[in-house]
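Using the hints provided, position chains B and C relative to the given structure of chain A.
Protein chains in written order, with the working numbering: chain A, 85 to 334; chain B, 26 to 251; chain C, 40 to 676.
Among the clues, some could well be false.
Stated by the list, open to error - Derived SDA-like pairs (lysine to any residue); straight-line CA-CA distance at most 25 Å:
(1) Lys73/C with Lys500/C
(2) Lys44/C with Ala61/C
(3) Lys51/C with Pro491/C
(4) Lys235/A with Pro405/C
(5) Lys132/C with Arg183/C
(6) Lys237/A with Lys409/C
(7) Lys221/A with Tyr179/C
(8) Lys88/A with Gln420/C
(9) Lys193/A with Glu101/B
(10) Lys401/C with Arg183/C
(11) Lys71/C with Tyr492/C
(12) Lys340/C with Asp424/C
(13) Lys292/A with Leu45/B
(14) Lys73/C with Ala499/C
(15) Lys167/A with Lys429/C
(16) Lys358/C with Gln390/C
(17) Lys118/B with Lys237/A
(18) Lys546/C with Glu574/C
(19) Lys86/B with Gly172/B
(20) Lys44/C with Lys132/C
(21) Lys221/A with Thr55/C
(22) Lys88/A with Arg542/C
(23) Lys534/C with Asp138/A
(24) Lys118/B with Thr92/A
Claimed, not checked - If you want a taste of the chain A side facing chain C, the calculated C-beta under 7 Å gives, among others:
(25) Glu135
(26) Asp138
(27) Glu148
(28) Gln173
(29) Ala225
(30) Ala234
(31) Gly279
FYI, nobody ran anything at the bench for these hints, they're computed from the structure. For each residue, glycine too, the CB sits at the ideal point set by N, CA and C.
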Amino acid sequence: MSKKINLTLKVWRQKNCQSQGGFETYQAADIDTDMSFLEMLDVVNERLTREDKDPIAFDHDCREGICGMCGAVVNGQAHGPMKETTLCQLHMRHFKDGQTLVIEPFRAKAFAVIKDLSVDRSAFDRIIQAGGFISIKTGQAPDAHAIAVAKDKAEWAMDAAQCIGCGACVAACPNASAMLFVSAKIDHLNTLPQGSAELKARTLNMVKQMDQEGFGNCSNEYECEAACPKTISVKHIAKMNKMHRQSNLR
Amino acid sequence: MSYQTFDIQRSITRKQTVALTGLLLILFVIAHLAGNLFIYGGPETFNGYAEKLEHLGPFLKIAEWGLALLFFVHVERVTVLIVQNIRAKGGLKRYIVDNSKGPRSWATRLMPYSGTYLLLYLIWHLYDFTWSNHEGSRSIINGKSYGLYGVVVNSFKDPLHSWLYVLAMCFLGLHLAHGVQSFIQTFAFNDTHVTRGLKKFSRLFAVAMVIGYSSIPLYVLYVLKV
Amino acid sequence: MLDSKIPQGPLKDKWTNFKFNAKLVNPANKRKYKILVVGTGLAGGSAAASLSELGYQVESFCFQDSPRRAHSIAAQGGINAAKNYPNDGDSVKRLFYDTIKGGDFRSREANVYRLAEVSNCIIDQCVAQGVPFAREYSGYLDNRSFGGAQVSRTFYARGQTGQQLLLGAYQAMMKEVSKGSIKLHPRTEMLDLVVIDGVARGIVVRNLLTGQIEPYVGDAVVLATGGYGNVFYLSTNAKGSNVTASWRAHKKGAFFANPCYTQIHPTCIPVHGDYQSKLTLMSESLRNDGRVWVPKNPGDKRPPQQIPEGERDYFLERKYPAFGNLVPRDIASRNAKEQCDAGRGVGPTGQAVYLDFADAIKRTGPELIKERYGNLIDMYQKIVDENPYKTPMMIYPAVHYAMGGLWVDYTLMSNLPGLFVIGEANFSDHGANRLGASALMQGLGDGYFVLPYTIGDYLAKNKPAQAKFKDHAEFKKSEVDIKNNINKLLSIKGKRTVDDFHRQLGKLLWDKCGMARNEAGLKEALKQIPQIREEFWKNVNVLGSGQELNQALERAGRVGDFLEFADLLVTDALHRAESCGGHFREEYQTPEGEALRRDDVFSYVAAWQFNGVGQNPTLHKEELKFEEVHLAQRSYK
Chain A
85 MSKKINLTLK VWRQKNCQSQ GGFETYQAAD IDTDMSFLEM LDVVNERLTR
135 EDKDPIAFDH DCREGICGMC GAVVNGQAHG PMKETTLCQL HMRHFKDGQT
185 LVIEPFRAKA FAVIKDLSVD RSAFDRIIQA GGFISIKTGQ APDAHAIAVA
235 KDKAEWAMDA AQCIGCGACV AACPNASAML FVSAKIDHLN TLPQGSAELK
285 ARTLNMVKQM DQEGFGNCSN EYECEAACPK TISVKHIAKM NKMHRQSNLR
Chain B
26 MSYQTFDIQR SITRKQTVAL TGLLLILFVI AHLAGNLFIY GGPETFNGYA
76 EKLEHLGPFL KIAEWGLALL FFVHVERVTV LIVQNIRAKG GLKRYIVDNS
126 KGPRSWATRL MPYSGTYLLL YLIWHLYDFT WSNHEGSRSI INGKSYGLYG
176 VVVNSFKDPL HSWLYVLAMC FLGLHLAHGV QSFIQTFAFN DTHVTRGLKK
226 FSRLFAVAMV IGYSSIPLYV LYVLKV
Chain C
40 MLDSKIPQGP LKDKWTNFKF NAKLVNPANK RKYKILVVGT GLAGGSAAAS
90 LSELGYQVES FCFQDSPRRA HSIAAQGGIN AAKNYPNDGD SVKRLFYDTI
140 KGGDFRSREA NVYRLAEVSN CIIDQCVAQG VPFAREYSGY LDNRSFGGAQ
190 VSRTFYARGQ TGQQLLLGAY QAMMKEVSKG SIKLHPRTEM LDLVVIDGVA
240 RGIVVRNLLT GQIEPYVGDA VVLATGGYGN VFYLSTNAKG SNVTASWRAH
290 KKGAFFANPC YTQIHPTCIP VHGDYQSKLT LMSESLRNDG RVWVPKNPGD
340 KRPPQQIPEG ERDYFLERKY PAFGNLVPRD IASRNAKEQC DAGRGVGPTG
390 QAVYLDFADA IKRTGPELIK ERYGNLIDMY QKIVDENPYK TPMMIYPAVH
440 YAMGGLWVDY TLMSNLPGLF VIGEANFSDH GANRLGASAL MQGLGDGYFV
490 LPYTIGDYLA KNKPAQAKFK DHAEFKKSEV DIKNNINKLL SIKGKRTVDD
540 FHRQLGKLLW DKCGMARNEA GLKEALKQIP QIREEFWKNV NVLGSGQELN
590 QALERAGRVG DFLEFADLLV TDALHRAESC GGHFREEYQT PEGEALRRDD
640 VFSYVAAWQF NGVGQNPTLH KEELKFEEVH LAQRSYK
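One chain only, chain A, in its complex shape (with noise of 0.2 Å):
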């Protein structure tokens, strides 16, 4: 059953990506438990706009957790306390009554604020861009089944593809190292047979430019994983370092 609530948050305000942020901090009140956290910010901003303040600026399109562009770093975990779960898909009734809430921005030298919560992920892009893809141009397909692919793969890739590309696992890593993203996106192709054929070009460019966009270093920590709304595992890093290891020898 829902039932209201009263909170107080602590939102990181940031003009743009040249100015100092600083913490602001806020009432929440009657807040509905069967909210989402963005509509919970929406009621938020509303408030504030009735008031002639600045609304509170953060990304955010689809709103059932799969376009990956909202995110926030919510009492120090990314996307809020609860596993497996995007921002908008976060509701209120996780929360308790009188509850502070820190809400701060993905933070990472790659990701810059662009403005309060909403931050530059274009590296994503550019990470893609030096060969997330498999080269085959519009008409050259052979059919469908041309190919067979073993189940255990075809569910293996899939595991890795259906990253959303948020940046939580950036923002969650101590080094903000962007590890689980760029092996979700290589583990996924290199293992179909279908993208086996640039497995060596893909892994290692994937990887400098994942380098020079100022991502950190893995170490091991598993706090990606465990911020992911899509669960995507830690073994598709394990799988990145051997294919890449293999490709450096080879």
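Frame of chain A; chains B and C shown alone:
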């Protein structure tokens, strides 16, 4: 697509260098423990083992320099990695609430610190035992020189000396508890099953090393009668 | 009468004939042409990638922070193709026929046939790109069945088919970006189409980060900007989905066709409260195993488990024994509404029906159900806080898809030469109702396999002309208009928020122009919409400036356009005095309450010409000729 192989500046290559040197150092740690355990055989056995090592001559020198190189590469690569990581997260301060959803343990958090303590301890340890005068005043027990055995026993009869050693071994344990499973993940010998069993193995191995090594000073301090 | 430029010849040869007769651009000349593609969903992404592969210069625009976020990503269930891998009697002709019938005979035969023809190539292409479709133990592709069809022709990737297909298209785009042949403009919103002497020559956009207004000139403009479902405020669309690009093109002369064909999806999570910002769809594939029911007695408030079998009404199975729970979306939605209107609705609001997996779980075990729908069930559990393995799901229809859109001819070009419209943004393939798993097919079909041919034919007949129009006064004029519009929004400083107006408009449209419509209600809506619009322009409060990231300003611009577009939507619904597909006029129904089409009067596409805000638009008709199929009342009984 063109590509470049074997670029040692790649993060994964760097990690794998750390992991590989780490593995070799682990092998050294096991061998060293095995040697140390000769102490339970008494002065002849222990000194006999030490002499045999010294009779290896040039091979021992190669091994020593090799070991030094391993340590150097391990530490240098890790230092670069830590500096990069601090830069990547935008400085030491990040989120004002320190909270995690994941399995991050004290062993992992303390990796750089346990490593630093071990390095400092190692230098002292070399100075203390390896480079010390094995026939000098420190080797004399009840008026008779017992060589390296005597040095070790005399040192460990000092509680401060012993407990500093044990503390160092606890840090070694912490370092290994993360290090062993981290090595396996980074080298991806188990690319399909990163299991709880692996972490358990890593911890068990660390505990075994801690017990093995620490038993010696504690034995000398509390059990051995001279 | 509009000329749809359908090629000559028998239906099955039309596309082949078109391709043979199309003029070609010499490979060396292709790079001299620049194509502006707005939108990066399945249609826009696949088109941008394919056109770039052919050698054209492509510039791609999207308002999201990355092309991978377009709302195609949220499509769950699957994509249709006439592969007939299950050997159950499918064929191009059957897919064509199902789609025409599903669309309630209000779509263009030639387009639909072409769509069915290219459907198989889409699957081939996507598999080759690495889309991890579901497979059987043999290693070959699995198929499932979907609403409106009696064959299993739907390919799927768990419950995330749209995501996987979009990532395929996105990756193909990124491949081209890395070669430098696509220029990417994320966080950029198209705010105007520039038309010079009746020909589309470019667009003017706003950089959402800096507020910069920038002109782009091109030899062709491709709009792949999706549907207008968010005019209802609550819909399954993404929060950012909007009509702005289409509407501003319409204001520059492009005809808007069939806006009243809006699809209400039957399986969505019911509304909770006033704060609700969007509705969440549960894939209709759930109807494969879920049984829809309500209590037989109105006002029965017992928990569902306590209602005995005899007191339940499985109304879809009862009324439509042949298709059962798998009737097309419009029919399933209308029946749910009918039950709730009769007081048999369930849940706290009474605006929901049950979707029950108990029988399926009994039959197959919970593991298989989890494998098939695990992520959907998890999503439901997160939102509603109930466990569908134990308690039946509650569902209610919600606005989902826009069959209407900018009018295009057979080549997907609008009435303005140089302006192409693909995917959901155009009107062409789904008639008055879209079948499940057909949107993905159309988006990718248009982008990968249709537009690359038809746009070539257009470009071959026109010389590259960017240099000539680069500094044309129309671009400057457009920039000034946009800036004035933005300044006006920022200067009102009224009392109400943008969302407040949007909610008011949405509620009005849902009540008067939603699942069922009647003349009186529509006329009432036509009276009220201008009032809301007028107040909006006097009393909206948009803070901040135009020179920064200003999300309220972005929304204000979009809501401003919805407020104008709503007039057209209702006007079209009022003019179409018949019921067909998603457009149900209460005055026109059979004695059993089914949609009553009036083929003698309304067998045409209504394409509207803009005459000014608040002015009556001019109606242009494109007659629908059916040579292959026989017009009949749809029956799923």
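Here is what the structure says about each hint:
Straight-line distance between C-alpha atoms of Lys73/C and Lys500/C comes to about 15 Å, which keeps the hinted pair within the 25 Å bound. The straight-line distance between the Cα atoms of Lys44/C and Ala61/C is roughly 12 Å, inside the 25 Å bound, and the hint therefore holds. Only pairs whose Cα atoms come within 25 Å are accepted, and Lys51/C paired with Pro491/C is accepted, the gap being roughly 20 Å. With a C-alpha separation of about 21 Å, the suggested pair Lys235/A and Pro405/C falls inside the 25 Å cut-off, and the hint holds.
This hinted pair checks out: Lys132/C and Arg183/C have alpha carbons roughly 19 Å apart, not beyond 25 Å. Between Lys237/A and Lys409/C the alpha-carbon distance is near 20 Å, which keeps this suggested pair within the 25 Å criterion. Pair hint Lys221/A plus Tyr179/C holds up; C-alpha atoms about 23 Å apart against a cutoff of 25 Å. Simply put, Lys88/A and Gln420/C have alpha-carbon atoms about 20 Å apart, close enough for the 25 Å limit, and the pair holds.
In summary, the hint linking Lys193/A to Glu101/B is supported, as the alpha carbons are separated by about 23 Å, within the 25 Å threshold. For the suggested pair Lys401/C and Arg183/C, the alpha carbons sit about 20 Å apart, so the restraint of at most 25 Å is met. With a C-alpha separation of about 17 Å, the suggested pair Lys71/C and Tyr492/C falls inside the 25 Å cut-off, and the hint holds. A hinted pair counts as satisfied when its Cα atoms are at most 25 Å apart, and Lys340/C with Asp424/C qualifies at roughly 19 Å.
About 21 Å separates the Cα atoms of Lys292/A and Leu45/B, which keeps this hinted pair within 25 Å; it holds. For the suggested pair Lys73/C and Ala499/C, the alpha carbons sit about 13 Å apart, so the restraint of at most 25 Å is met. A C-alpha spacing of about 22 Å is found between Lys167/A and Lys429/C, which places the hinted pair at or below 25 Å, so the restraint holds. Restraint check for Lys358/C and Gln390/C: the C-alpha separation of about 21 Å stays at or below 25 Å, so the hint holds.
Restraint check for Lys118/B and Lys237/A: the C-alpha separation of about 41 Å exceeds 25 Å, so the hint is violated. Using a Cα cut-off of 25 Å, the hinted pair Lys546/C and Glu574/C holds, with the two alpha carbons roughly 16 Å apart. For the hint linking Lys86/B to Gly172/B, the alpha-carbon distance of about 21 Å falls within 25 Å, and the restraint holds. Pair hint Lys44/C plus Lys132/C holds up; C-alpha atoms about 22 Å apart against a cutoff of 25 Å.
Distance hint between Lys221/A and Thr55/C is fulfilled; the C-alpha atoms sit about 21 Å from each other, no more than 25 Å. A C-alpha spacing of about 22 Å is found between Lys88/A and Arg542/C, which places the hinted pair at or below 25 Å, so the restraint holds. Taking the CA atoms of Lys534/C and Asp138/A, the gap is about 14 Å. The hint holds against a cut of 25 Å. Simply put, Lys118/B and Thr92/A have alpha-carbon atoms about 23 Å apart, close enough for the 25 Å limit, and the pair holds.
A cut of 7 Å between beta carbons decides the hint on Glu135/A: the least distance to chain C is about 10 Å, and the hint is violated. Given the 7 Å rule on beta carbons, the hint for Asp138/A holds: about 6 Å separates it from the nearest Cβ of chain C. Restraint check, Glu148/A versus chain C: the minimum CB separation of about 5 Å is within 7 Å; hint holds. With its C-beta approaching chain C no nearer than about 5 Å, Gln173/A sits inside the 7 Å limit, and its interface hint holds.
Of the supplied interface hints, the one on Ala225/A holds, with its beta-carbon coming within about 4 Å of a beta-carbon of chain C, less than 7 Å. Residue-level restraint check for Ala234/A holds (minimum Cβ-Cβ distance to chain C is 5 Å; threshold 7 Å). With its C-beta approaching chain C no nearer than about 5 Å, Gly279/A sits inside the 7 Å limit, and its interface hint holds.
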